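Chain by chain, the residues run as shown.
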Amino acid sequence: MMNSEILVAKLFWKAAFKNKGVFLLTFFIGLLMVYAAYSGRKNFKTQNEIRAKYQSEARKDWVDNPNKHPHRMAHYGHFAFRPKAPLSVFDFGMESFLGNTIFLEAHKQNTVNFSEASFSTGMLRFGEISIAMILQVLLPLLIFFLGFGAIATERQNGTLKMLLIQGLKWRTLILGKSMGIIAVIMTLFIPIVLTTIFLCTGFQDMNTSTDELLRLFFIIVFYFIYLVIFCVIAVLISAISKTSKTSLVSLIGIWLMFIIIIPRISQALGASIYSIPSKAKFESAIGEAIAKVGDSHNPDDPHYKALKDSLLAVYNVDSVKQLPFNYSGYQMKEGEKISTNIYNQHYSQLLDIYYKQNVFSRVISFLNPFMAVKNLSMALSSTDFSSFLNFQKQAENYRYDLAQEMNNLQIKHISNEAKGSSDKNHILDKKHWEEVEEFKYKPTSISLVFKSEWMSFAAFLFWIGLLVFLIHKFSKTLKAI
Amino acid sequence: MTHLAFYNLIRSNSVKIGLLFLFLTGVISLFIGKQFIQKQKQNIADTAIYQEEHITQNVKFHKDDMGLLLYYLKFSLVNEVPAISGLSIGQRDVNSSIKSVTIRGLEGQKHDTDLNNPYNSLLGSLDFSFVLIFLFPLLIIAFTYNIISEEKESGTWSMVAVQSKSLFKHILKLFLIRIALILAVLLLILFLAIPILGIPINVDFWAIIATSVSYLLVWSGICFWVVSLQRSSNFSAVVLLAVWILLIIILPAAANNYLVNKYPVPEALETTLKQRKGYHEKWDMPKEATMDKFFAHYPQYKKYPVPKDKFSWLWYYGMQQMSDDESLESSKTMKEKIKLREKVSQAISLVIPTMHAQLTFNQIAQSDLNNHILFLDHLDKYHEELRLYFYPKIFENYPVKNENWKEFKPKYASITHTVNWTNSILPLILITVIISLISFFNLRRI
Numbered sequence: 382m383m384n385s386e387i388l389v390a391k392l393f394w395k396a397a398f399k400n401k402g403v404f405l406l407t408f409f410i411g412l413l414m415v416y417a418a419y420s421g422r423k424n425f426k427t428q429n430e431i432r433a434k435y436q437s438e439a440r441k442d443w444v445d446n447p448n449k450h451p452h453r454m455a456h457y458g459h460f461a462f463r464p465k466a467p468l469s470v471f472d473f474g475m476e477s478f479l480g481n482t483i484f485l486e487a488h489k490q491n492t493v494n495f496s497e498a499s500f501s502t503g504m505l506r507f508g509e510i511s512i513a514m515i516l517q518v519l520l521p522l523l524i525f526f527l528g529f530g531a532i533a534t535e536r537q538n539g540t541l542k543m544l545l546i547q548g549l550k551w552r553t554l555i556l557g558k559s560m561g562i563i564a565v566i567m568t569l570f571i572p573i574v575l576t577t578i579f580l581c582t583g584f585q586d587m588n589t590s591t592d593e594l595l596r597l598f599f600i601i602v603f604y605f606i607y608l609v610i611f612c613v614i615a616v617l618i619s620a621i622s623k624t625s626k627t628s629l630v631s632l633i634g635i636w637l638m639f640i641i642i643i644p645r646i647s648q649a650l651g652a653s654i655y656s657i658p659s660k661a662k663f664e665s666a667i668g669e670a671i672a673k674v675g676d677s678h679n680p681d682d683p684h685y686k687a688l689k690d691s692l693l694a695v696y697n698v699d700s701v702k703q704l705p706f707n708y709s710g711y712q713m714k715e716g717e718k719i720s721t722n723i724y725n726q727h728y729s730q731l732l733d734i735y736y737k738q739n740v741f742s743r744v745i746s747f748l749n750p751f752m753a754v755k756n757l758s759m760a761l762s763s764t765d766f767s768s769f770l771n772f773q774k775q776a777e778n779y780r781y782d783l784a785q786e787m788n789n790l791q792i793k794h795i796s797n798e799a800k801g802s803s804d805k806n807h808i809l810d811k812k813h814w815e816e817v818e819e820f821k822y823k824p825t826s827i828s829l830v831f832k833s834e835w836m837s838f839a840a841f842l843f844w845i846g847l848l849v850f851l852i853h854k855f856s857k858t859l860k861a862i
Numbered sequence: 070m071t072h073l074a075f076y077n078l079i080r081s082n083s084v085k086i087g088l089l090f091l092f093l094t095g096v097i098s099l100f101i102g103k104q105f106i107q108k109q110k111q112n113i114a115d116t117a118i119y120q121e122e123h124i125t126q127n128v129k130f131h132k133d134d135m136g137l138l139l140y141y142l143k144f145s146l147v148n149e150v151p152a153i154s155g156l157s158i159g160q161r162d163v164n165s166s167i168k169s170v171t172i173r174g175l176e177g178q179k180h181d182t183d184l185n186n187p188y189n190s191l192l193g194s195l196d197f198s199f200v201l202i203f204l205f206p207l208l209i210i211a212f213t214y215n216i217i218s219e220e221k222e223s224g225t226w227s228m229v230a231v232q233s234k235s236l237f238k239h240i241l242k243l244f245l246i247r248i249a250l251i252l253a254v255l256l257l258i259l260f261l262a263i264p265i266l267g268i269p270i271n272v273d274f275w276a277i278i279a280t281s282v283s284y285l286l287v288w289s290g291i292c293f294w295v296v297s298l299q300r301s302s303n304f305s306a307v308v309l310l311a312v313w314i315l316l317i318i319i320l321p322a323a324a325n326n327y328l329v330n331k332y333p334v335p336e337a338l339e340t341t342l343k344q345r346k347g348y349h350e351k352w353d354m355p356k357e358a359t360m361d362k363f364f365a366h367y368p369q370y371k372k373y374p375v376p377k378d379k380f381s382w383l384w385y386y387g388m389q390q391m392s393d394d395e396s397l398e399s400s401k402t403m404k405e406k407i408k409l410r411e412k413v414s415q416a417i418s419l420v421i422p423t424m425h426a427q428l429t430f431n432q433i434a435q436s437d438l439n440n441h442i443l444f445l446d447h448l449d450k451y452h453e454e455l456r457l458y459f460y461p462k463i464f465e466n467y468p469v470k471n472e473n474w475k476e477f478k479p480k481y482a483s484i485t486h487t488v489n490w491t492n493s494i495l496p497l498i499l500i501t502v503i504i505s506l507i508s509f510f511n512l513r514r515i
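If you read the protein sequences in the order shown, they are chains A and B. When you line the first sequence up against our numbering, it's residues 382 to 862, in that order. When you line the second sequence up against our numbering, it's residues 70 to 515, in that order.
Treat the hints as calculated values from the structure; they're not laboratory data. Hints should not be assumed to be uniformly reliable.
[Said to hold, decoys possible] Derived lysine to aspartate or glutamate pairs resembling DMTMM-like cross-links, with alpha carbons at most 20 Å apart:
{"no.": "1", "chain 1": "B", "residue 1": "Lys108", "chain 2": "A", "residue 2": "Asp804"}
{"no.": "2", "chain 1": "B", "residue 1": "Lys356", "chain 2": "A", "residue 2": "Asp804"}
{"no.": "3", "chain 1": "B", "residue 1": "Lys372", "chain 2": "B", "residue 2": "Asp353"}
{"no.": "4", "chain 1": "B", "residue 1": "Lys110", "chain 2": "B", "residue 2": "Asp134"}
[What the hints assert, rightly or not] Here are the computed distance ranges between Cβ atoms for each label pair:
{"no.": "5", "chain 1": "A", "residue 1": "His488", "chain 2": "B", "residue 2": "Lys404", "range": "39 to 47 Å"}
{"no.": "6", "chain 1": "B", "residue 1": "Ile278", "chain 2": "A", "residue 2": "Ser437", "range": "33 to 41 Å"}
{"no.": "7", "chain 1": "A", "residue 1": "His488", "chain 2": "B", "residue 2": "Ile278", "range": "50 to 58 Å"}
{"no.": "8", "chain 1": "A", "residue 1": "Ala839", "chain 2": "B", "residue 2": "Val502", "range": "51 to 59 Å"}
{"no.": "9", "chain 1": "B", "residue 1": "His366", "chain 2": "A", "residue 2": "Lys832", "range": "32 to 40 Å"}
{"no.": "10", "chain 1": "A", "residue 1": "Lys718", "chain 2": "B", "residue 2": "Tyr458", "range": "48 to 56 Å"}
{"no.": "11", "chain 1": "A", "residue 1": "Ala839", "chain 2": "B", "residue 2": "His72", "range": "53 to 61 Å"}
Please read these numbers as outputs of a predicted model, since none were measured by experiment. Where is the CB? At the ideal position from N, CA and C, for every residue including glycine.
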């Protein structure tokens with residue numbers, strides 16, 4: 382039974398390569414692919430070299446500090462530069478809109494600065510050329526160009542009636558033509574896959590982790606499904622169109638809707654319903670919340686007064702100077718804990734708003750396979766917002782630990798006689814600076830992708846089910862004329 | 070005959086739907102622009118309120134110490150968002166229009182970002198410039214790609230050929246009716262923008278209209294050229310869509326990749342490291358290392374004594390000053406690099422009409438990168454003014470209560486901009502003329 386499908390597919394394949402236009406388009410997309418691979422690779426290399434260079438320079442600056450008061454070191458702080466993930470060569474994702482430099486200091490959560498977009502002249506609005514973009518945007522269009530006439534042309538020429546009279550089943554025709562388009566597209570997809578594997582693993586000196594291989598595997602599988610979805614859509618639309626022109630125009634319309642129009646509309650909808658607070662409001666709310674619990678910078682703060690009184694009572698002394706440890710360090714440790722907790726609460730509320738803004742663009746994957754693959758591909762390539770948040774979290778944890786480590790050093794080693802952190806008589810040996818571990822970003826595991834992208838996976842399942850159902854239904858109801 | 074052709078056209082359902090779709094997205098884009106402007110205005114209003122609260126509270130806490138107070142106090146500079154920005158949001162969503170800074174080292178605060186959901190930027194805003202640049206050409210294509218081929222394919226071409234005195238004039242007429250209809254929708258949307266966004270009718274507005282019309286003329290030229298080839302409907306549709314993708318997606322994106330790879334900005338990271346070191350290392354150096362440089366920069370403060378054996382604000386702000394002074398070089402190189410990027414993309418855009426339209430729109434709407442660089446220049450100046458104003462007060466420990474703190478409201482940067490008509494329109498007109506000439510030549514032969 383499968384033989385007749387393969388025959389239909391073979392005939393389609395032969396006809397497709399006789400078409401000069403198809404050949405030209407395929408060649409052009411191939412060329413573009415080479416450029417995408419080259420430029421993705423180059424950007425990855427340049428950016429990671431730059432970031433690694435300054436990361437080690439920042440570390441060197443830190444370690445080179447002379448003996449000093451630990452609180453001066455807490456303010457000296459450190460930098461975290463976000464490294465690009467190896468798979469960012471394949472899919473740039475949100476990379477260009479995400480900052481890459483964060484200054485980590487005591488008392489303060491800084492913003493991640495210097496995104497590519499902040500240096501952009503406005504061209505970034507048109508998008509970027511990456512291998513993923515070619516697969517997501519251009520291949521579906523090529524599929525539509527290949528497939529718009531698959532059945533409509535046969536109908537227009539009258540050959541469709543003959544085929545059906547000869548006993549060919551609709552189901553065979555639809556499956557066979559779809560397989561034919563898939564076969565033609567594989568001439569591009571397979572080289573693209575091989576290049577991607579080579580780019581993302583070959584250059585890492587064969588150190589690719591299982592996690593990365595798994596990511597690559599999923600990328601290949603889901604892009605394959607994505608392309609198959611478009612092949613089937615092309616054949617189905619072609620099957621219901623009276624003429625090849627109607628089929629072409631409808632398919633172009635679908636492509637424009639999926640790729641250009643729906644994504645912007647869904648995001649605009651989310652962004653207009655849920656509003657992000659102004660930075661002034663956000664920061665003032667944090668300041669207010671801290672003032673309520675305990676502001677270590679307010680000399681009359683009740684929280685710290687109570688803290689001091691209880692310490693004095695426990696140690697049975699009448700001034701903080703008589704305490705067996707450095708009181709000011711103790712106070713700052715408490716302050717850091719309070720302010721960090723409050724900041725994290727507010728920040729997670731802000732992320733909640735972002736999440737709500739994005740909900741429409743995620744749900745729309747069930748109507749638009751482009752969004753499903755876009756979200757999933759970014760996540761698998763670690764160029765999505767979750768991966769970025771993971772970096773930000775690691776940097777923030779590092780900042781907190783650094784600040785508290787300096788506070789602990791102060792509590793333990795600095796005398797209560799010291800007159801603030803500029804007092805040159807009470808300083809700490811520089812050997813402690815080296816004891817602080819360097820910031821090292823740990824890439825996220827693929828399990829995060831399953832958690833954050835379950836909706837994209839579900840959307841793919843939905844699409845597969847939908848198309849199987851439509852093939853089944855159309856096979857029964859379609860007419861030859 | 071013209072009337073007939075016109076009525077024939079607008080009777081068609083697909084034409085009505087096409088026009089309606091374009092008009093509606095156009096109007097939606099205006100409301101998205103309006104919402105953006107209102108959000109910016111809200112941010113500015115919030116900034117004013119919270120700045121006042123913030124100053125009042127800190128003045129209360131640190132009433133005896135001007136130096137300590139100024140350590141905390143933040144002052145905001147606002148890059149006002151003109152109504153016309155609503156038409157082309159440009160870089161305004163990425164680059165903050167409000168900067169709040171203390172008088173400490175500026176480099177460490179200058180590039181702090183606003184609260185941004187990167188997903189919004191990734192999918193791009195649905196502003197008027199998007200509707201114009203992306204969607205209008207599609208409608209021009211849809212309306213014109215089969216002007217000749219449709220009649221040929223339905224078998225009416227020979228009748229038209231017999232009945233018309235001049236085939237060329239007939240085709241041109243059909244073509245112009247369609248373009249006129251689309252231009253009418255464009256003008257309708259733009260004139261609706263006046264009340265919806267509250268755009269003043271001034272030179273900027275006329276420049277937007279002129280650029281929009283010129284941009285659509287380019288696309289009309291391209292469509293006319295493909296029509297003049299007199300190939301089948303399917304062929305014309307595929308070629309025109311391919312041109313659209315090339316101009317809208319591939320060429321600008323390729324240019325962007327090129328620019329990003331050709332001009333990376335490591336200077337940004339360099340500057341940020343240098344400014345940290347410039348300040349912090351001074352804590353471990355003899356005071357002269359700071360004060361000699363500081364007094365060389367500001368000789369007027371030499372008269373203030375620097376206490377040798379204890380902390381003083383003069384020394385502290387001197388150290389802070391060093392973070393800016395010692396990162397000045399790399400900060401300048403960074404700015405040069407960004408300006409170079411701007412220059413190169415301007416040059417590339419001369420031959421890519423889509424890019425040219427976007428960059429021109431952003432310029433006129435004051436949402437371009439250059440506007441942001443100018444804003445940062447104003448921030449430099451404002452920060453310096455604040456320093457010069459407060460430095461002597463700190464060094465003399467001027468009583469906090471004697472200062473009129475109510476006066477410190479967010480300040481507006483006045484960034485001047487002019488419309489460069491030649492740059493805005495000439496490249497688009499030139500491209501239109503060239504393509505039209507080729508098409509006329511093609512059609513003369515029918």
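- request: Please test the hint of 48 to 56 Å on the beta carbon pair from Lys718 of chain A and Tyr458 of chain B.
  value: Violated, since Lys718 of chain A and Tyr458 of chain B (Cβ atoms, about 37 Å apart) do not stay within the stated range.
- prompt: Can the restraint linking Lys110 of chain B and Asp134 of chain B be considered satisfied, given a maximum Cα separation of 20 Å?
  reply: violated, 34 Å
- prompt: Holds or violated: 33 to 41 Å for the Cβ distance of Ile278 of chain B and Ser437 of chain A?
  reply: violated, 54 Å
query: Are the Cα atoms of Lys108 of chain B and Asp804 of chain A separated by 20 Å or less?
result: Judged against 20 Å, a Cα distance of about 47 Å means the pair is violated.
field: Whether the CB-CB distance between His488 of chain A and Ile278 of chain B falls inside 50 to 58 Å
entry: holds, 52 Å
- prompt: Regarding Ala839 of chain A and Val502 of chain B, is the given constraint of 51 to 59 Å on their beta-carbon distance met?
  reply: holds, 53 Å
- request: Take a look at whether the Cβ-Cβ distance between His488 of chain A and Lys404 of chain B falls inside 39 to 47 Å.
  value: violated, 30 Å
query: Going straight from one Cα to the other, do Lys372 of chain B and Asp353 of chain B come out at no more than 20 Å?
result: violated, 24 Å
Ala839 of chain A versus His72 of chain B beta-carbon gap, inside 53 to 61 Å or not: Holds - the Cβ-Cβ distance for Ala839 of chain A and His72 of chain B, about 55 Å, lies within 53 to 61 Å.
- request: Could you check the hint for me, namely that His366 of chain B and Lys832 of chain A are 32 to 40 Å apart, CB to CB?
  value: Because 54 Å falls outside the window, the suggested range is violated.
field: Proposed proximity, Asp804 of chain A with Lys356 of chain B (alpha carbon, max 20 Å)
entry: holds, 14 Å
The structure shown violates the earlier hints numbered 1, 3, 4, 5, 6, 9, 10.
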